[in-house]
Amino acid sequence: MSRKLSALALALGILVGAMELKTLVTAHSHGVVIMANGVSPMPKLPPPTK
Amino acid sequence: MGAGVCFVTCSVIRASFLRYFFLNLYVILSLFADLIRQAVLRFYALDSPQYVYAYYYTDCLLTIALFVAVISLASRVFAELNIARYVRFVAVLLLLGTAGFTYAVVVQSTERLGTRFAVELSQNLYFVGLVLTYLLWGAVLKLQETRTRLVQMVLSLGLYFSAYAGSYALINLAPKYEVDVQYLVPVLGCFLPVSWALSIMRHSEDSRLTPARLVAVPR
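Note that the protein sequences, when read in sequence, are chains B and W. Going by the numbering used here, 11 is the number at position 11 of the first sequence; the sequence numbering is gapless. Count along the second sequence from 1, then add 1000; that gives the number in the numbering used here.
One or more hints might be untrue.
Claimed, not checked - Which residues of chain W face chain B? A few of them, derived with a C-beta cut under 7 Å, are:
| # | residue |
| --- | --- |
| 1 | Leu1029 |
| 2 | Ala1033 |
| 3 | Asp1034 |
| 4 | Arg1042 |
| 5 | Asp1047 |
| 6 | Gln1050 |
| 7 | Tyr1051 |
| 8 | Leu1093 |
| 9 | Leu1096 |
| 10 | Gly1097 |
| 11 | Phe1127 |
| 12 | Val1128 |
| 13 | Ser1167 |
| 14 | Pro1186 |
| 15 | Gly1189 |
These are calculated hints, taken from the structure and not from any lab test. Beta carbons are placed, not taken as given, at the ideal position from N, Cα and C, and that holds for glycine.
All chains should be built: construct the whole structure from the sequences, respecting the hints.
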């Protein structure tokens, strides 16, 4: 049981850390995205609509 | 594309295809994704909705495949501790947690849910992969892992994710470098298959690194 709880805590910790890192990196974002899978040219993403 | 074919061929020739199945699966899916994108690009323009959908949805699938590849390496590193079951549990929790978090963010901000969800999930998984790879590297050092191939593959992933995060930070902090970074992205896409292929070609499964070379020597 304690191992499962530890695994849950680890997963939550990783998720929180990753999202904080993303927030830090994209703090001054102007909507540009980067994808790094494959070698095909990346299209511009349409702006989000409210 | 050639690097991907080279990696899969070397894996098959050196009888490592099944041992590194999820890495091979990622590279094969990457090859198929590039073929699909090129096929779509032949009939539609770069900014057409068809190519945008094809590009971002295949990218999302590839990122999930890369996440599974990282988890498969983690399972191999932790195999001797008999906690593979918990590694899989953490992986499922992370994937579901990231998907849930992404949905919660995207559903409030846009009507174009499908594409935005695919893009955001992909980007969030990149950062989860980055944190996971650094933790894995810490485990490699702590457990004094000596299998050369495994160590080099984890290092390649660390470099790849770090370069991705660095590019992201650069493009957001200094938008004037946006064009340069856009040229860097395909190079990043080639990096993983090239480094993995080199690792498979140059080292056998029995190759070992001395742990002393992995850590800094205290002065």
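We went through each hint and held it up to the structure:
1. Leu1029: violated (9 Å)
2. Ala1033: Check passed: Cβ of alanine 1033 of chain W comes within 5 Å of chain B, closer than 7 Å.
3. Asp1034: holds (5 Å)
4. Arg1042: violated (12 Å)
5. Asp1047: holds (5 Å)
6. Gln1050: violated (10 Å)
7. Tyr1051: holds (5 Å)
8. Leu1093: Hint on leucine 1093 of chain W: holds, closest Cβ of chain B at ~4 Å, below 7 Å.
9. Leu1096: violated (9 Å)
10. Gly1097: holds (5 Å)
11. Phe1127: With a closest approach of 4 Å, the phenylalanine 1127 of chain W hint holds.
12. Val1128: holds (4 Å)
13. Ser1167: Holds: closest Cβ of chain B sits about 6 Å from serine 1167 of chain W, inside 7 Å.
14. Pro1186: Result: holds, 4 Å to nearest chain B Cβ.
15. Gly1189: holds (5 Å)
Of the numbered hints listed earlier, those contradicted by the structure are 1, 4, 6, 9.
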